[in-house]
Amino acid sequence: EPEVTQTPSHQVTQMGQEVILRCVPISNHLYFYWYRQILGQKVEFLVSFYNNEISEKSEIFDDQFSVERPDGSNFTLKIRSTKLEDSAMYFCASSETGATNEKLFFGSGTQLSVL
Amino acid sequence: GEDVEQSLFLSVREGDSSVINCTYTDSSSTYLYWYKQEPGAGLQLLTYIFSNMDMKQDQRLTVLLNKKDKHLSLRIADTQTGDSAIYFCAEKEDGGFKTIFGAGTRLFVKA
Chain A
1 EPEVTQTPSH QVTQMGQEVI LRCVPISNHL YFYWYRQILG QKVEFLVSFY
51 NNEISEKSEI FDDQFSVERP DGSNFTLKIR STKLEDSAMY FCASSETGAT
101 NEKLFFGSGT QLSVL
Chain B
1 GEDVEQSLFL SVREGDSSVI NCTYTDSSST YLYWYKQEPG AGLQLLTYIF
51 SNMDMKQDQR LTVLLNKKDK HLSLRIADTQ TGDSAIYFCA EKEDGGFKTI
101 FGAGTRLFVK A
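As given, the protein sequences belong to chains A and B, one line each in that order.
Be aware that the first sequence starts at 1, since it is given in our numbering, and climbs by one per residue.
Be aware that the second sequence starts at 1, since it is given in our numbering, and climbs by one per residue.
The set of hints was computed from the structure by calculation and includes no laboratory data.
A quick note: this is a predicted structure, and the numbers were derived from the prediction, not measured.
Note that beta-carbon positions come from the ideal geometry of N, C-alpha and C, so glycine has one too.
Any given hint could turn out to be false.
Unchecked claim - Part of the chain B face toward chain A, derived, beta carbon under 10 Å: (1) Ala41; (2) Gly42; (3) Ala90; (4) Ile100.
Turn these sequences into a full structure, and let the hints guide you.
Written as structure tokens, this is what we have:
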């Protein structure tokens with residue numbers, strides 16, 4: 001089965017530093033997503049992206065966050081100035097058409113630790 | 001706002017049935033999902049149910065939906081050690097982009 005790949009699997013950074021989390025969605029998919037899960041808490045929606053635009057974002061996705069599809073294959077999440085509370089597992093996902101009954105394909109996540 | 005709640009842990013013996021429960025708040029949810037996460041892997045869609053259905057069966061998996069009580073359950077028959085994982089309940093509104101997840105239920109299967 002095709003896979004969404006995320007790099008790195010673990011990222012440690014100092015508070016205030018910028019981080020970029022990378023994802024390679026499945027090649028024929030058109031919709032891309034970022035979710036995160038703080039340890040012991042729910043998986044939270046951050047943002048969805050289609051046609052080089054944000055289609056929906058949550059309250060968590062403030063000005064410190066940005067997403068980009070810099071080329072035909074990568075989808076990145078940038079956190080401009082990390083805070084301790086940004087420590088979480090970040091999951092990238094993609095889907096082919098964005099339809100409600102369509103399967104989301106998730107990557108295995110990047111564990112971000114902000115010190 | 002939308003919310004999905006599920007218990008955090010469940011322990012069963014191999015061969016028994018497992019029942020993982022979930023409650024949700026959004027009555028406009030069109031689809032309800034169960035995802036599975038194995039160690040070191042991403043979430044994988046196990047099954048979903050449309051909101052106008054009461055039950056869906058797929059091999060060892062049975063999903064029951066009680067719309068009145070906004071209660072969703074996943075039953076795994078003849079649970080195997082390979083079923084040990086975290087199971088996430090989730091909901092999505094028709095036409096929406098975001099999926100709302102619970103915190104996940106960690107299923108332990110004892111041999």
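Where does the structure disagree with the numbered hints, that is, which hint numbers, in rising order?
none
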